[in-house]
Amino acid sequence: MMNIGIVSYGAYIPMNRIRIEEIAETWGRNPDDIKKGLNVFEKTVPSPDEDTATISVTASRYALSRVNIDPKDIGAIFIGSESHPYAVKPTSTIVGEAISAVPELMAADYEFACKAGTAAIQNCMALVRSGMIRYGLAIGADTAQSAPGDALEYTASAGGAAFIIGKEKVIARINCTCSFATDTPDFWRREARKYPKHGGRFTGAPAYFRHIIGAAKLLMEKMKTKPEDYDYAIFHQPNGKFPVTVGKRLGFDRKQLEQGLLTPYIGNTYSGSSPLGLCSVLDVAKPGDRILMVSYGSGAGSDAFDITVTDEIENFDRDKAPTVRELMERKRYISYAIYAKYRNLLYWE
Amino acid sequence: MGLAVPRFWREIPYRYNLIGSRCKVCNRIFFPPREVCPYCRRKSLGKMEEMKLKGKGRLITYTIIYTPPSNFENQVPYAVGIVELDEGPRITSQIVDCDPEKLKIGMRVEAVFRKIQEDGDTGAIYYGYKFRPVGEDEDKGETG
Amino acid sequence: MRDVAIIGVGITKFGELWDKSFRNLISEAGTKAILDAGIEGKDIDALYVGSMSPGRFVGQEHIGALVADCSGLDTLHIPATRIEGACASGGMALRQAYISVASGINDIVVVGGVEKMTDVVGGEATNILAMAADQEWEAFFGVTFPGLYAMIARRHMYEYGTTREQMAEVAVKNHENGLLNPNAHFHRKITVEDVLNSPKVADPLTLLDCSPISDGAAALILAPLDEARKYTDKIVKIIGSGQASDSLALHGREDICTLRATVEASKQAYKQAGIEPKDVDVAEVHDCFTIAEILAIEDLGFVKKGEGGKAVEEGMTRLDGEIPVNPSGGLKAKGHPVGATGIAQAAEIVLQLRGEAGKRQVKDAEIGLTHNIGGSGASCVVHIMEVI
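Chains as they are written, first to last, in this note's numbering: chain D, 1 to 349; chain B, 1001 to 1144; chain G, 2001 to 2388.
Bear in mind the hints are in silico, worked out from the structure with no lab data behind them. For every residue, glycine included, the Cβ atom is placed at its ideal position computed from N, Cα and C. One should not assume that every hint holds.
DEER-style ranges, computed between Cβ atoms [claimed, not checked]: (1) B:I1105 / G:K2189: 51 to 61 Å; (2) G:D2279 / D:R330: 53 to 63 Å; (3) G:K2189 / B:P1077: 22 to 32 Å; (4) B:K1104 / G:I2099: 42 to 52 Å; (5) D:E329 / B:I1105: 25 to 35 Å; (6) D:E104 / G:I2099: 55 to 65 Å; (7) D:E104 / B:D1099: 37 to 47 Å; (8) D:A87 / B:A1004: 39 to 49 Å.
Please take these sequences and the hints and turn them into a complete structure.
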């Protein structure tokens, strides 16, 4: 079997943070209720000069800095996001140019709510397997939008992760991936609208839980594995509660989830969510560690991955780029007023 | 901004990737790239070679802008500095991800990729380099 | 080369002149200069005018012809040329006019400088002024004009221990002088504390470290020295003229704290005049920001590099000091309609050398110097004049 998997990875989150208290008090809500309800304490906020393109470039450059790969050997760049800076005009070519992977390059932007980044990983795997490309760069990144005062505002944050997918010097082999998708409109944003709408509690059972559990079970059936076979499990984390609940229902314990659970302190980075969780696990993983990752995108679908960390990770220059923990520690708190300014919530003529 | 996209598009290699130039006669390095070396002049014709700069350097001087040009209002106050790159050339750039009050001449800085300007909310978005302070021997960077 | 004299000066009020247009301003200054010289329109061989950005400030180019036209000189069909060198446009126009008379091509030349800066809205003036910086590699990244000088100031503080108080003293002195100049934009005494406590513009510079955005114009009449006596008996002769350039961007210069263009331009002018810096009795220098006056007195050789701040603090450049600098109030208090500045500086020196500067008259001034900078120092024009 061909060893296809992650050759390198890079993560990025902006350094601005806003505390749940700031948002809750602005809207007259009790912060403790929110924190308890969502298991989220603070979230990242992009600076005015940051967007999905800059986050993607930084994460990709971090990934490249950890390996000795000629960017020209990257044959494809796919970026999953629901906050591409342009509605029409690819983010992937901006990244391609910024890492000098152009012009012989397959480039495309993906959108599937929060799971387009993992779809990018799957497509890069397929292209590598077919021999069409040597390396593929798969990115999940977002500067998530949320209407002022909406429940999403407590979690919608910014961040992203980039993975170089290949078959040489693989640090984390992807043993299997499979997907589970149905037409379930739990969350959407209409063309030319600034903020998404969501189905409230409908986003739970029929949407998030059904698809994650469906994809995870499908994968474990295929691989003939049980939850206890995995050292780490990462589930899409729209808040700090859902991934813990879904893990429990599938039979995973908290210890397997901890390393990959970031939402309580960075919020929901949407397309960056489970990919950043995977980066956090790879930051500490040892050879032989087995990882289950299941993304979720509203609308709806889940991509599940069965991953084994290889011996190659011992030779891998993890230190050449910041770990997720280091990025999380690099922070400055902002007020709701600054948040409103940074996120363009203030309108004037 | 009123200027057509090509004006910015043609600078992409330099602004995204810090491509400068080296005079093969005297080995001086320039950013932005020059067509003619101001020291070797005619001897340098045809001998200016593009080279990628690493994007690491030191802060030579800086200011904190409180009265911005249009397009920068939502970033005030922001720092702008002159950085001396390790390869020699000096470059003017915003200094970000820092408390401007804590900047110091001589600080180590490294290049990051950011949005520089946008042509209103319907026009093109222009990206390029900014710099951020890093530790004295920190070697984890976008430009690694 | 022929000797050249300035035989007439004209200057408008500087300030926010809401009721005056670009055309009103330059024709007023030109007419005053013509009357001052006692020449007639038909005597004029050529017209030069310095203006930085009428295209952006008032939406008008083709300024040479326009100025001849609105000054009533269109029927004479004289050559009319606009010169641009950012804030040094006026100084450069004077130098071109000087060269044309010295060369023998023209005899009587009128040279003006003008800027109408208050016809644009909001921060547009800031954007226009930033065009004197490198648009692609400085301004694009968000640096403003005050920002460039602020970076020089911070480096000067770092290298030489120059203090904010010393910079503030420049503004205090120039505002004191401005009180004595009826044409000045500001007539307001300020203190060091006022400067330090005024709103930050580009740290370390505050609002009162900056010259204002002003409307205004000035004009001079030049003639060959031999003919000058026909018109006046208070002859001010141009004894030195120098101009130099440097990299457009501040970051392109080896020493951020030295404006080499000033050093080189003044060297040429001193050499031609056969004088040394200490021989200068009065100077009008380009204090677009307080730090710029400190740089100027250093780079012109009045004091050693790094000692400018101290010299200001000790009163060397006050009206009663060793070398009075900017008796007019300078750009800081007199105002800085950019294209007019270089001409207005020369007009002030002519008045000083003629002994007609009223309450701000520098005692026994015989040799005067003007120093006009473009951008953050990419252009410099220096003129030295002597009364004979």
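A quick look at each hint next to the structure:
Distance hint check for I1105 (chain B) and K2189 (chain G): the Cβ-Cβ separation is about 34 Å, which falls outside the suggested range of 51 to 61 Å. A C-beta distance of roughly 59 Å is found between D2279 (chain G) and R330 (chain D), which places it inside the suggested range of 53 to 63 Å. One distance hint, 22 to 32 Å for the beta-carbon pair K2189 (chain G) and P1077 (chain B), holds here, with the actual separation near 30 Å. A hinted range of 42 to 52 Å for the beta carbons of K1104 (chain B) and I2099 (chain G) is consistent with their spacing of about 47 Å.
For E329 (chain D) paired with I1105 (chain B), a C-beta distance near 26 Å keeps the hint of 25 to 35 Å intact. Between E104 (chain D) and I2099 (chain G) the CB atoms are about 57 Å apart, so this pair conforms to the stated range of 55 to 65 Å. In this structure, E104 (chain D) and D1099 (chain B) meet the distance hint of 37 to 47 Å, their C-beta atoms being roughly 43 Å apart. Look at A87 (chain D) against A1004 (chain B): about 21 Å separates their beta carbons, and that is not inside 39 to 49 Å.
This entry does not satisfy hints 1, 8, going by the numbered hints stated previously.
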